[in-house]
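Using the sequences and the accompanying hints, generate a full structural model.
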Amino acid sequence: MTALLPRRGLAQILALIVILAVDRVVSPQFFDLRLQDGRLFGSLIDVLNRGTPVALLSLGMVLVIATRGIDLSVGAVMAISGAIAASLADSHGLPVVLAASLGAGLVCGLWNGFLVAVLGMQPIVATLILMVAGRGIAQLITEGRIVTFASPGLVWLGNGSILGLPVPVAIALGMLILTGAVVRGSALGLLIEATGGNARASELAGVGTRAMILSVYVWCGVCAALAGVIAAADIMGADANNAGLWLELDAILAVVIGGTSLFGGRFSLVLAVLGALIIQTMNTGILLSGYPPEFNLLVKAVVVMAVLLLQSPKLSGFAGIMARLRRAKP
Amino acid sequence: MRGLPPVLITAIVLVLGFALCAVQFPNIASTRVVGNLLTDNAFLGIVAVGMTFVIISGGIDLSVGSVIGFTTVFVALAIERWGVPPLVAFVLILVLSAAFGAAMGAVIHVFDLPPFIVTLAGMFLARGASFLLSTESVPITAPVYSTVSDFALRMPGGGRLTAIAIIMLVIVIGGALLLHLTRFGANVYALGGSRTTASLMGVAVGKMTVKIYMLSSLLAGIAGIVFSFYTSAGYSLSAVGVELDSIAAVVIGGTLLTGGQGSVIGTFLGVLIQGMIQTYINFDGTLSSWWTKIATGVLLFAFIALQQGLVALARRPVAKSAGAAT
Amino acid sequence: AELTVGFSQIGSESGWRAAETSVSKQEAAKRKVNLKIADAQQKQENQIKAIRSFIAQNVDAIFLAPVVSTGWDSVLKEAKEAKIPVVLLDRDIDPSGKELYLTAVTSDSVHEGEVAGDWLAKTVGAKACNVVELQGTVGASVAANRKKGFDTAIAKHANLKVVRSQTGDFTRAKGKEVMESFIKAEGGGKNICAVYAHNDDMMVGAIQAMKEAGLKPGKDILTVSIDAVPDIFKAMVAGEANATVELTPNMAGPALDAVAAFKEKGTVPPKWIQTESRLLTATDNPQKEYDSKKGLGY
Amino acid sequence: MENSASLLEVRGISKSFGAVRALQEVDFTLRAGEIHALLGENGAGKSTLIKVVTGVFPRDAGIVRLGGDEVAPRSAKAALQAGIATVYQEVNLLPNLSVAQNLFLDRQPMRFGIVREGEMRRRAKALLADFGLDIDVSAPLGNYSVAIQHVTAIARAVDLSARVLILDEPTASLDRHEVEILFRIMRQLAKRGIGIVFVSHFLDQVYEISDRITVLRNGRLVGERETASLPRIELIRMMLGRELAETTSARAAAREHESRKVCASFENYGKSGYVAPFNLELRHREVVGLAGLLGSGRTETARLVFGAERADRGQARVEGTPVRLQSPRDGVRHGFGYCPEERKTDGIVAELTVRENIVLALQAKRGLHRPLPRREQDEIARRYVRMLDIRPPDPERPVGLLSGGNQQKVLLARWLATSPRLLVLDEPTRGIDVGAHAEIIRLIRELCDDGLALLVISSELDEIVTYSDRVVVLRDRAHVEELAGETIDVGNILAAIAADSVAVALEAHT
Ligand SMILES: Nc1ncnc2c1ncn2[C@@H]1O[C@H](COP(=O)(O)OP(=O)(O)OP(=O)(O)O)[C@@H](O)[C@H]1O
Ligand SMILES: Nc1ncnc2c1ncn2[C@@H]1O[C@H](COP(=O)(O)OP(=O)(O)OP(=O)(O)O)[C@@H](O)[C@H]1O
Ligand SMILES: [Mg+2]
Ligand SMILES: [Mg+2]
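Protein chains in written order, with our numbering: chain D, 1 to 330; chain W, 331 to 656; chain Z, 657 to 954; chain R, 955 to 1464.
Misleading hints may appear alongside valid ones.
To be verified - Here are the computed lysine-lysine pairs in the BS3-like style, where the Cα-Cα straight-line distance is at most 30 Å:
id: 1; chain 1: Z; residue 1: LYS688; chain 2: Z; residue 2: LYS949
id: 2; chain 1: R; residue 1: LYS1031; chain 2: W; residue 2: LYS537
id: 3; chain 1: Z; residue 1: LYS681; chain 2: Z; residue 2: LYS950
id: 4; chain 1: Z; residue 1: LYS778; chain 2: Z; residue 2: LYS890
id: 5; chain 1: W; residue 1: LYS537; chain 2: R; residue 2: LYS1298
id: 6; chain 1: Z; residue 1: LYS944; chain 2: Z; residue 2: LYS890
What the hints assert, rightly or not - Here chain W is said to cover these stretches of chain D; the calculated rule only asks that three of the stretch's residues, wherever they fall, bring their Cβ under 8 Å from a Cβ of chain W:
id: 7; region: 134–146
id: 8; region: 254–265
id: 9; region: 302–312
Simulated from the structure, these hints should not be mistaken for lab results.
Built from N, CA and C at the ideal position, the CB exists for glycine as well.
Below, the structure is given as structure tokens:
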């Protein structure tokens, strides 16, 4: 029976289903959908829409983690790109705004990649530097204010819709497909997994491990910048103080829930995004439940542990439980 | 001696930094500032010692900040609301936090889950639990608190070596002894080298993992008590982000995040370097919120780059010892 | 002689805080006071460090915007020993520390909540009204006080009921997200009669959420929030917000005056210099308020 | 010895990894005071049997008796406490700890809860002295060569072995001299009544040291024999399940030297503090062997030639054109290949599949933009799995789950897939079974005939003599002599290695 189901991803899908079911219990109208001004409207759409920034972050983060790295600066990069987008929005066209803010993300990624790949710093400290300084840079751009804008193009990015889907969701989907195409359509995926699995051996096999590491940080920066632009577009303003705050942890969590090991190697883009959705489904459920906010973190802790235990190699997920039951019978 | 050269380099970097700061702000070169540095960073120093053990063993503990927060709230409520004598409250919270760490260690080992995530869940849990206890900050008025807070050894030049600074120094020294001189310490390094190999060599990896996280949480509990002395209060939002500060201190101190190498003294120096950066920025006093962050980042980078450069310089190509003597 | 004042500021977690910082600088410049601002990045330990280093630098006075009400005794005692007067800005500390500071220039955040609640009660009249509440950061004293004040005010009115209350962390993004879920949970917003937000930023986010759900904020759903940042007046001009309670960013002005008087003439100021909590609604010329606040660094 | 009691009895042990049945109903008996060789092809299940006995892997079925009592150790620690000490095949020791700590981990001499550093060092020095090793025991183990690390692991196990000592391919990275020392110590231990299990692919050594032999094939017990009464041919048939024309150590017929074009040449090439400058010409259709003691600089030469290490002087040429070899990428670009000796850390990517490991270098050479289509990957992987007889023949299995010898074959396949012009092999036959050993030597010759240039390092001089057209001898990180043609034989090589202490060499040779 396990042959019918995908081996990888089973635990995640199961977790998502369980959490969706719990959400349905705490909020009976959870699955209600209706069309509102040409756009789908309902809690499920909220999950997708609110999950977008973390999903985008996890797309970059999963590649970084696959090389055995980690990027703590993504939240700060979101703030920088959002700040740039907001300050340029009302005076420049959308292409310029996007180029500038995504360019900033690229530069941030280059910086991180440079520290890790060239200077050989440990990823966690290397990116801690930008995590601290980056938010400062973002605040420098906005001078601590919330910079608002009205540029219809940018606002559409946050609040518009395509075929009934919110634009951010469409963008995230597009990025998933693009990243997947680039990574799996070229040899990048294999070489990244090799680098993360055993950098020394890969180097000796002729893999340009530095280039690999540099490129994943750059991509992570770009993804974070895009998430930042969307987060700014969503509230029609750049809140450098709070945009992306602590989201790096959510992104890492999403990647791990998606089954990618923090020790590098094998990764899955789709499952990382699924991980982001699991987190958001939980968050939305908490908001809908009406429990006092003092409980939020407790619920989060319990759910995270449950999801992880479900895919613990010791229990080897669902399949493992089944196997155990079967063995227990005779 | 394992890890000594990088430690020396870190020490040199610290002294150099201190000298540079003192040139710009002569006031910095006083025992008062040094005393403050020790007092203000006492709780950070204590958790960082625990974090050193965890990181050398190849793990990480993100829950320490929350454990500190929880401890302050628990202690404050126990003393002020529940009428528990302070010492009993301390014992209770230390048992509780040690058990919490042991539980995390057990989950990490038994279910083979990444420490990063397990302790992240622990971080949510401890912070969430402190919200449940009280969302308000609770002042502690017990006489022990004012006695301890007021206690200080006077240093020449007006500096004060406070009780909590002394506690921190004792823990740093104790931690260093534990890490470098005992079987437990050797096993910590062994785990960091490779869990599988250590296990094949007969190290009880499971027990060690439990003990290491227990130690880290226990020290976080002590740090929490120290924090409550420091502020004479319990507050659910205290010590947010301390986990990152302590990880940074450990790494600046020359410990490898991949495990297997490092030292407690290095960590202590790392804590002082971070304190230096903070002090410098405070003395400057012209920095806006954003420039403060940027300056912190730049200085962090400068220190790490300087240190790595020096380490690279110090690592002369040493000819490997040849094979068997015949 | 020229005064040197050290100001331990909490951080820059919101637009209001940024405005307070920049207004403080302006006020100091006006009085030719040398103001040293240390930004604590939201951490009490950093504030304590900053105060200690101000003492080490022997400043003439210390301003403290305490991130939390407790835990200042020992460091303020040190300041007192060093004979440096301390003035609290914007937030008060625990009563046990009363003799440790010269004066506190603050608003009363419980009172702010009451003003908001009273306005809502008056506006709604006898009609039954379900209120949803966007709380500030869990654990922040301001959030607790603004909740307490509001609750006290509406407790007198049986027709007003807070049906949902979640934290929006004082931010726009979270305010919007939480409001979205409130709307879903309360029959598409039909069961909601008013929103109370602990700050304007969350309300601005909530207003967007309501608009996207096809509701008319300010008409279908009443809004009341606190702080009076420029953007809420923009919303009022557009008819999308109803009321806000002002929290002035100018705390340093009165504080500097008090310190100057104390230093020159030894005048001991009152223990509490309370700032006004003005209620501002659409009838109070929001456009003018907006124009006057826009330049203050919010 | 015949009638000595059975010390360790293994009955009906089975172990499966998913679908792979690594052990099926295996019996094994070790008597007190005997040296018992456990033999079999790569992947036969030797290491698995050992790990099941010592409790590293839980077993599916079967019992283990130690001295008559049933034991079921659940961890390596428990096995140690029961008196079974083991040197495992792959994981040796902890490179980040000092040599002394490695030797005494978890059993350091203590006083008042504090490790007695000095005492521990003293004991460590004494322990290693038995193995003829005089090194600084407070330095991290990782500073020393593989050989020293291996000796340390053995010394630790010997010191620990209360009743049973298990050695899984302990001699793979040792040279003759150290093997001699090890054998001397093994005999001493056996005399004291300790039972020793010895795994090796060197049949000479097996015949030299063991009293009894147990052979496994495909996870099943083939049989147990007295070493003295088991002819070599018969042993090989037991292991392989077929006949094998045993490799002769006779040299291949000398080939025409003149007809060979120079493939790569190195002039005054070297790096200070690494290898003294050397001149080396590698020709197509020619095998150059590198011989020398452990630590003589063979690996270092190989790394320089491939570009894994940057030379700081000299000139490299490929087909006559000057080139710069700055990184492995340069080496790969110029058509070089390099199988490193430490396959676990420098070779395989354990988590990736056999297929992915095989195509890795080829893909790196082609670049990012020209990914190998999956069909082509499958085809390449299948081809080499068949050609090198990689077992189990499943290209989609993570390579880390393969037995040591099969991992080595995967590495070889990785480079063959790039159709290199020059292949550098550092200990290519280490840990390879007799069958595969013959295969690989045949392969080396074939590749050479097809025009490939080969630089091969091996500690087995017989092997070097078999396939080399020229032999470069190293000593103290310098190239000291070059032998060619008829002068290549084991005696001459030994003489060159130990030019200044001929006596030692002769002694080692016997
Ligand atoms: N941890 C594991 N998971 C899955 N399969 C394994 C594992 N370890 C070994 N195997 C498989 O079990 C079989 C026996 O392997 P084992 O390592 O015991 O062989 P071996 O006789 O020691 O070979 P070698 O001489 O190459 O060391 C092989 O097919 C191998 O792929
Ligand atoms: N720059 C390097 N980086 C990583 N490993 C290295 C480097 N240089 C040498 N080594 C490794 O260090 C060890 C030291 O080699 P050693 O001194 O034993 O030389 P050798 O003559 O090649 O001996 P053998 O091959 O018999 O082990 C080798 O295993 C080699 O792989
Ligand atoms: Mg084996
Ligand atoms: Mg070698």
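How the hints compare with the structure:
1. LYS688(Z) x LYS949(Z): With a Cα-Cα distance of about 23 Å, the restraint between LYS688(Z) and LYS949(Z) holds, given a limit of 30 Å.
2. LYS1031(R) x LYS537(W): Roughly 12 Å separates the two Cα atoms, so the pair holds.
3. LYS681(Z) x LYS950(Z): 16 Å, holds
4. LYS778(Z) x LYS890(Z): 23 Å, holds
5. LYS537(W) x LYS1298(R): 28 Å, holds
6. LYS944(Z) x LYS890(Z): Within the cut-off at roughly 10 Å; holds.
7. 134–146: holds (count 9)
8. 254–265: holds (count 4)
9. 302–312: holds (count 6)
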